[in-house]
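Asks: One letter stands for each residue in the lines below.
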Amino acid sequence: MTDFSTWDIVRNLLMAARWTVLLSVFALVCGGVVGVAVLLMRSSRRRSLRTVAICYIEVFQGTPLLMQLFLLFFGLSLTGVEVSPWTAAGAALTLFTSAYLAEIWRGCVDAIPRGQWEASSSLGLSYVEQMRYVILPQALRIAIAPTVGFSVQVVKATAVTSIIGFVELSKAGAMISNATFAPFTVYGLVGLMYFCMCYPLSLYAKKLERTMNVSR
Amino acid sequence: MSLVKISGLRKQYGAHQVLKGIDLTVGEGEVTAVIGRSGSGKSTLLRTINGLESFGAGSLEVDGVHVAVGQTDLRQLRLKVGMVFQQFNLYPHMTAGKNVMLAPTVVKKIGKREAEEIARDMLARVGLADKFDAYPEQLSGGQQQRVAIARALAMSPKILLCDEITSALDPELVNEVLGVVRKLAEDGMTLIMVTHEMRFAREVGDQLLFMHEGRIHERGSPSHLFAAPGTPELANFIGSVG
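Residue numbers (the working numbering), protein chains in the order written: chain A, 33 to 248; chain H, 26 to 267.
Since the hints were derived computationally from the structure, they do not count as laboratory data.
Some hints here could point you the wrong way.
Stated by the list, open to error - Quick list of the computed label-pair ranges, beta carbon to beta carbon:
#, chain 1, residue 1, chain 2, residue 2, range
1, A, Gly94, H, Asp98, 48 to 56 Å
2, H, Gly95, A, Leu108, 20 to 28 Å
3, A, Gly94, H, Tyr38, 32 to 40 Å
4, H, Gly39, A, Pro145, 46 to 54 Å
5, A, Leu108, H, Asp98, 55 to 63 Å
6, A, Thr83, H, Glu238, 34 to 42 Å
7, H, Lys45, A, Gly94, 23 to 31 Å
Claimed, not checked - Far from chain H by the CB rule (all over 10 Å, computed), these chain A residues:
#, residue
8, Ser37
9, Asp40
10, Val65
11, Tyr88
12, Met225
13, Tyr231
14, Leu235
15, Arg242
All C-beta atoms in this analysis are idealised placements derived from N, C-alpha and C, irrespective of residue type, glycine included.
Produce the complete structure using the sequences and hints provided.
Replies: Here it is, written out as structure tokens:
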């Protein structure tokens, strides 16, 4: 039985933490892109598009991320489609993130006064033009703080992907803890690392909330 | 020649009828003032004319552009009709100049330089030539409303609708906005304005409409109607607003 120094543990956890960071960034970027699409459908004038968007949001917000992950990973392989843990994790987190971001951003779009829509309508702008030039630039300012706040949830949600064998911070923690028989040290370090990722984001969100409220 | 032709226009929200058959023609260069109590349908009528409100029956035509019941593509109508709102509704994230430039560049695809020229002209026309780079929050209410007028004018509409455009202003700022409107009227702009400024309606208006319970209850020349209201409702209204 080899001996592990604390440094060995920390070093291995840090290596795995890179995947947590990468997965979080991937989920936020892809979830953001899909989220904008869902948002546009959600606030569209066409009822059919709105219904599709509402179903999408309800399904992914109303079921546990773990189930979504299982369905993508195990469910798809039952139908013969081989899915790697990385693909399943990335896809599940993208779906999860986009559903929440679409809803957060819709709140921001709804917060823009109706007069902005009316003024731009009366000047002949189409829906897409109104969104692009008038509504979204204003909604964006309001959206930054809650979006950064939500990114904390995404970072923590990546831990779930350890279940399907994706080696990120939590999975690495479990593996190292099994090898070292020092769960308290290992999970303490794991927790600390999550905190080091999330706390600055929370602080940043708070700061943005203050500054965005006073500026234009 | 009549620019606006409205006949039998009706609108209802559920069981509540807001417009109960409006007939109205407005000639080119004519100034129409609309007065009446809140809830009489005057704002709804105005908002119908540029398609912000749909209507249930009747017909609406502005400068040859005919709008059918339930029509959703209203761009042609909106190119003819400009509108100024009670709450200004300037885009807060853009300077005054950009506020004016947006629709000409986006809707009419006019080049940036030309659009800027138009914007500077229009801002000068409302007396704000030096405020091109100011953001709305840096302007007084009266100045914001004048930018809103410039923004509407930049699309060279055939007719300008003014929906209680001085109602949200401090009393000392009302006159600078009315002054701009008066100048527009003198320049031959066709105007329909919903207003509480009775004296102004009387001075500038060619035609006065008194709306009551979703109908045009009385119409005629302002001086005549104010001097000799034909119905007790109008007499009452004039009495109550002083």
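Asks: Please write out, lowest number first, the hints stated earlier that are contradicted by the structure.
Replies: Violated hints: 1, 2, 4, 5 and 7; rest satisfied.
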